[in-house]
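Asker: Grab the two chains, each in its own frame, and use the hints to assemble them into the complex.
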Amino acid sequence: MTTKQTTTTELTAPTSPQPTRSDVPVLEARSISKMFGRVIALRDVSLSVKAGEVNCLLGDNGAGKSTLIKTLSGVHRPDEGQLFMDGEPVTLASPRDAQTRGIATVFQDLAVLPLMSVSRNFFLGNEPTKGAGPFRRFDMGYADKTAREKMHEIGIDVRDTAQLVGTLSGGERQTLAIARAEYFGARVLILDEPTSALGVKQAAIVLRHILKARARGLAVIFITHNVQHALPVGDKFTILSHGRSEGVFKRGEISLDKLLGLMGGGEELSDLSRELEQLQNEITVAQAADPGPGAPPAG
Amino acid sequence: MTTVEGTPSEAARLRRASPIRQLLTRPEFGSIVGAILIFFVFWALTGFIVGTGFMSWKGFAAYIQVAAQIGILGATVALLMIAGEFDLSIGSMVGCAGLILGLSITQFGLPLWLGLIITFAFALAVGAANGYIVVKTGLPSFIVTLGSLYMLRGAGLAMTRLVSNGQTIVSGVGAAAADDPLSKLFNATLFTIGGADFKVELLWWFAVVAVATWVLLRTRFGNWIFAVGGSKEASRNIGVPVNRVKILLFMATAASAALFACIQVLEVGNADVLRGTGKEFEAIITAVIGGTLLTGGYGSALGSAFGAFILGVTQLGIFFVPGFNSDWYGFVLGALLLVAALVNNWILRRASGARS
Numbered sequence: 004m005t006t007k008q009t010t011t012t013e014l015t016a017p018t019s020p021q022p023t024r025s026d027v028p029v030l031e032a033r034s035i036s037k038m039f040g041r042v043i044a045l046r047d048v049s050l051s052v053k054a055g056e057v058n059c060l061l062g063d064n065g066a067g068k069s070t071l072i073k074t075l076s077g078v079h080r081p082d083e084g085q086l087f088m089d090g091e092p093v094t095l096a097s098p099r100d101a102q103t104r105g106i107a108t109v110f111q112d113l114a115v116l117p118l119m120s121v122s123r124n125f126f127l128g129n130e131p132t133k134g135a136g137p138f139r140r141f142d143m144g145y146a147d148k149t150a151r152e153k154m155h156e157i158g159i160d161v162r163d164t165a166q167l168v169g170t171l172s173g174g175e176r177q178t179l180a181i182a183r184a185e186y187f188g189a190r191v192l193i194l195d196e197p198t199s200a201l202g203v204k205q206a207a208i209v210l211r212h213i214l215k216a217r218a219r220g221l222a223v224i225f226i227t228h229n230v231q232h233a234l235p236v237g238d239k240f241t242i243l244s245h246g247r248s249e250g251v252f253k254r255g256e257i258s259l260d261k262l263l264g265l266m267g268g269g270e271e272l273s274d275l276s277r278e279l280e281q282l283q284n285e286i287t288v289a290q291a292a293d294p295g296p297g298a299p300p301a302g
Numbered sequence: 027m028t029t030v031e032g033t034p035s036e037a038a039r040l041r042r043a044s045p046i047r048q049l050l051t052r053p054e055f056g057s058i059v060g061a062i063l064i065f066f067v068f069w070a071l072t073g074f075i076v077g078t079g080f081m082s083w084k085g086f087a088a089y090i091q092v093a094a095q096i097g098i099l100g101a102t103v104a105l106l107m108i109a110g111e112f113d114l115s116i117g118s119m120v121g122c123a124g125l126i127l128g129l130s131i132t133q134f135g136l137p138l139w140l141g142l143i144i145t146f147a148f149a150l151a152v153g154a155a156n157g158y159i160v161v162k163t164g165l166p167s168f169i170v171t172l173g174s175l176y177m178l179r180g181a182g183l184a185m186t187r188l189v190s191n192g193q194t195i196v197s198g199v200g201a202a203a204a205d206d207p208l209s210k211l212f213n214a215t216l217f218t219i220g221g222a223d224f225k226v227e228l229l230w231w232f233a234v235v236a237v238a239t240w241v242l243l244r245t246r247f248g249n250w251i252f253a254v255g256g257s258k259e260a261s262r263n264i265g266v267p268v269n270r271v272k273i274l275l276f277m278a279t280a281a282s283a284a285l286f287a288c289i290q291v292l293e294v295g296n297a298d299v300l301r302g303t304g305k306e307f308e309a310i311i312t313a314v315i316g317g318t319l320l321t322g323g324y325g326s327a328l329g330s331a332f333g334a335f336i337l338g339v340t341q342l343g344i345f346f347v348p349g350f351n352s353d354w355y356g357f358v359l360g361a362l363l364l365v366a367a368l369v370n371n372w373i374l375r376r377a378s379g380a381r382s
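Protein sequence lines correspond, in order, to chains R and Z.
Every position in the first sequence, counted from 1, becomes a number in the numbering used here once 3 is added.
Every position in the second sequence, counted from 1, becomes a number in the numbering used here once 26 is added.
For reference, chain Z alone in the conformation it holds in the complex (with noise of 0.2 Å):
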């Protein structure tokens, strides 16, 4: 989107804008600074302390952990909502491909791959149906993914009484896995730094970054993402396959969520079906904060990182805040939305309306 090549004799009889001004009508621009400023807030709320606490390699460790978790759905959720849908059944889609994977690999007797493939070909196909039903209905996706929210939250619970003898919790996972070299990919530690650990979700949360953005901006695909949001009419009157890229992106949010569950499940040791509530928020709000809009046909997906850092700075953040805890967590971060929603509304503004 922003490269801007050609012909000198070309481009010097147009005005260029500058690199700044460029800059400044990204919609990732405001999370950027955000998260610039989130640092610092937090860093002198501490009171500046280096070495222990916030400004340290176990603090870094746990709030990037964070944000790499949340960042993993935050990126596609970011992708769909560019594409004018929600996609709300992801937290619990987190709860229940987990128990299917525990499930797997504990009650069933089966091999970790194995195991993997089941999670995603079912979070896929919820994906799909979501999408499927959403596209054909016409109905609101957030009512719809409302639905499968609290059908998969229901069944997920159901399920796994009915077949691990009346608990919730699928424990043994960790013992199941531990020799299979296929859980290294879910829960390695990178490396080490001053006692800290860094784990290998954080690779996993670049890569569907680094995925998302390109597609979104480097990808026919990716146009008709940011078209489908912007017109669904207009998409389709000039033969952009509005359902296709639809239906994808909810398989998208799916999927994210599953490798969200698998990372955990491995990491931890056990399944709950209660694991994932709230993130389908969580998820949104790091897309809102990383300049997407609710409303669709705008937005970024690098932008989510930023947000996703927001989130993890502020949950841990005000631990080590004195006289704080984590209570206020939540009154924080919706304070962060409304500030994301206001900045976003200026940037669009100056993006869309700098003529007049």
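The shape of chain R in the complex, shown without the other chains (with noise of 0.2 Å):
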């Protein structure tokens, strides 16, 4: 809201981790457990992520992954457990508190504003000013300079700043979020399924975009529920289900099978497949016993 312009370019510039602590992970939440009424959300989940990493938290819907990403993003605070952010016990009293502290979260369907520029929504709430008391104004040039510099790096070709964010595919739309998150000087990127209302083509586009803020030294927690976009960005696998964790997986070490079963999913599938086969075998059966398909119904 209140950031300024000289801190916001200093923190822009590429993230070296610190060889001496690159083991330590930006942040961490350590056995969170958080209880909404009777209903335990979480319980006893632990999750890290170091510079440079991606860890895909993995889970079907309802395992908890939206209270996990809230209690890492400050929108909730755990009932047990504590976060840590570069090894120091940290409490998050709110969103903006997170994102001060360089934790930035980019929410699949609420990241921008389709009927505002792109430049107007690359600053939006940390609109660059310049003049003072009653004149002090947006500034509008160096906001589309940057905006028109930022697109361009993430390989966005837009016709003019001023283009409505709405002429964007769904995919260049959510770069445009991640982008915009990383310049104002987050340290760890929580991506909320950005890829799962994307079609393929999309969807790479922001997968690319997540391997690219990986190489600059960001730390990514990438959630998902799609397996096939998680296996080939994903350094660590974390997976939930019914709100506890299934384990942490190195890339490499798990297959894909094997994920899709520990998600919760497996299980499921294999019941849906059975279903549809049946349910096959059914309509099979019926157009043998119907006459034709202009046959009058029955009674």
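Derived from the structure by calculation, the hints contain no laboratory data.
In this text the structure is predicted, and so the values were computed from the model without any measurement.
The C-beta atom is built at its ideal place from N, Cα and C for all residues, glycine as well.
Incorrect hints may appear among the rest.
[Stated by the list, open to error] Every beta carbon over 12 Å from chain Z, so not counted as near; a handful from chain R, in silico: (1) Arg41; (2) Ser49; (3) Val93; (4) Gln102; (5) Asn124; (6) Asp142; (7) Thr170; (8) Arg190; (9) Ile208; (10) Gln231; (11) Gly250; (12) Leu275; (13) Gln281; (14) Leu282; (15) Ala289; (16) Gln290.
[Stated by the list, open to error] Footprint (simulated), chain R over chain Z, 3 or more residues, beta carbon under 8 Å: (17) 248-254; (18) 260-268.
Answerer: Spelled out as structure tokens, the structure:
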């Protein structure tokens, strides 16, 4: 809201993780539990992410992914357990507090405003200003220039920065939101289902950007329920099921089938395919008994 | 929003939109074309006569005055609508604020400056209350301000009868304020051309539109207005003070209604509780004709000025058309609103869906 331009420019310098501390996770959650009334949303869940690492948080709907990321982004306070940043215990007072500490959460559908221009979106909430007193104004020149540079860096060809974000594709919008979070000093990127509403091509744009962010030394927590999206970019896979951690696996340690099984989706998927098979059989039987497609319904 | 600066090498790598295309996708584009069109339509309907009637200085002064008055309301209403809210209470705020000013300087014998302070303080307080209720309860502002519309009208009527012996019109305001140079701020004649007086409210109108446009397009607050109307959730996630923006805008619409009231009361010389009836919808129509979306997130304060001009020309132009009278005003206004909504829709599709 009031981030000064001077501080943001410092923070945008490529994060080079200090070699002595690179083994200390930038963000770590230890034994987090969260209750809503009598419902246990999270029980003893731990998760950590280092600089230059992508930790994929996998789980089916209702596994507790949302509660966990809301805890990590300052929306909820954990009932038990502790958060650490760079090894130091921290308490996140609010989403704003998390942001100033460098934790940026990008939500799937609430990231950008389609009826606002690219530069207005890019600087929303962190508008650069010039002038003083009643003449303090939005520095559109700076905003346009910076937004254009950043959009070019992430490979989005905008006609001009006054173009409405609604004209960008879904993947480009999501990428814009990620680039914006990075620009404003994020050290930890929490991406909430950034690819789940997107087609294959659009998802690829976002996944490519996640890899670029990792290469720049950011710590990325990538939430998804799509294993195909997680496998190619993840260094680590944290699996949540029914509010519990089903384990943390390194890249190469685990196969797609195993991941699916652990997510709690495996069982349901085999149930589903069994059911579909049965349905198919019924249809075949029915068609065989049916004289033809044009026949009037009985009765 | 349209300023595109930067290093030439950077700019050269991007396809640039032509100035014409940029103008076509501006929200106020429709209203500019509409204003020119309406003007010529009425001139044609009055037989292209120059010097008397529609195309005369007196005619022009008359409809520009109507435009100025509704335009003062329209500019702030446009900002509020871009932020995704409505304020229906401004109609009775005009009546109420006028009564407060009138009673202050006649019944209570207060100096004009104090009366003005009380009037604006009252308006700002009601605006803040409207805003506070809307953001805290999450109720639609349409309902909340519909409530205050009736409450203000009812209370204004009752209180005026109570303090002025059953009268609903406070007279003698003109006489009470005549000697005060401060009243010139609201009722002075700027200049006279061809026997037609151009009043100071034109300056107020330009000032309100200019400030509203500047705030909307060139300040951080303006960026937040667009954002809040576009998506409350997204704005909140990113750290925009959603509630503060909305409450301040409700205060702005109420203050503009108070300004309208002060101008009217000091110009006419009396206050009437029924003043401002229907202005809440005329202000919304002005904003919509000016290119502001009913659903928020997109629009223009500058456009509301063209909307107000269209309204003024229509309202008074009908008088000059042979065979027509003011009964048709409502019909024409409604039709204009429909056309404006359709044009806005088209412009918006061009601006946001031009990709496909």
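Asker: So, for every hint listed, does it hold in this structure?
Answerer: Hint check:
With a least beta-carbon separation of about 27 Å from chain Z, Arg41 (chain R) lies farther than 12 Å from that chain, consistent with its non-interface assignment. No Cβ of chain Z approaches the Cβ of Ser49 (chain R) within 12 Å, the least distance being about 26 Å, so the stated non-interface status holds. Against chain Z, the non-interface label of Val93 (chain R) holds: every CB pair exceeds 12 Å, the least being about 19 Å. Not every C-beta of chain Z lies more than 12 Å from that of Gln102 (chain R), the closest at about 7 Å, which undercuts listing it as non-interface.
Not every beta carbon of chain Z lies more than 12 Å from that of Asn124 (chain R), the smallest distance being close to 8 Å; the non-interface claim is violated. The Cβ of Asp142 (chain R) does not lie farther than 12 Å from every Cβ of chain Z; its closest approach is about 9 Å, which violates its non-interface assignment. With a cut of 12 Å on Cβ distances, Thr170 (chain R) falls inside the contact zone with chain Z, its closest approach being about 5 Å. Once the 12 Å rule is applied to beta carbons, Arg190 (chain R) is consistent with being away from chain Z; the minimum gap is 17 Å.
Chain Z leaves Ile208 (chain R) outside its interface by the beta-carbon criterion, the shortest separation being 15 Å against a cut-off of 12 Å. Against the 12 Å criterion, Gln231 (chain R) stays outside the reach of chain Z, whose nearest CB is about 27 Å from its own CB. Annotated as non-interface, Gly250 (chain R) keeps its C-beta farther than 12 Å from every C-beta of chain Z; the closest such distance is 31 Å. For Leu275 (chain R), the condition that its CB be more than 12 Å from all CB atoms of chain Z holds, with the nearest at approximately 33 Å.
For Gln281 (chain R), the condition that its CB be more than 12 Å from all CB atoms of chain Z holds, with the nearest at approximately 41 Å. The Cβ of Leu282 (chain R) lies farther than 12 Å from every Cβ of chain Z, with a closest approach of about 37 Å, so its non-interface assignment holds. Under the 12 Å C-beta cut-off, the non-interface status given to Ala289 (chain R) relative to chain Z holds; the minimum distance is some 41 Å. At roughly 40 Å, the least C-beta separation between Gln290 (chain R) and chain Z is larger than 12 Å, which holds for a residue marked as non-interface.
Counting residues of the segment 248-254 of chain Z whose C-beta sits closer than 8 Å to any C-beta of chain R gives 5, which meets the bar of three, so the coverage hint holds. Evaluation of the coverage hint for the segment 260-268 of chain Z: fulfilled, as 7 residues show C-beta separations to chain R shorter than 8 Å, against a requirement of three.
Checked against the numbered hints above, the structure breaks hints 4, 5, 6, 7 and satisfies the rest.
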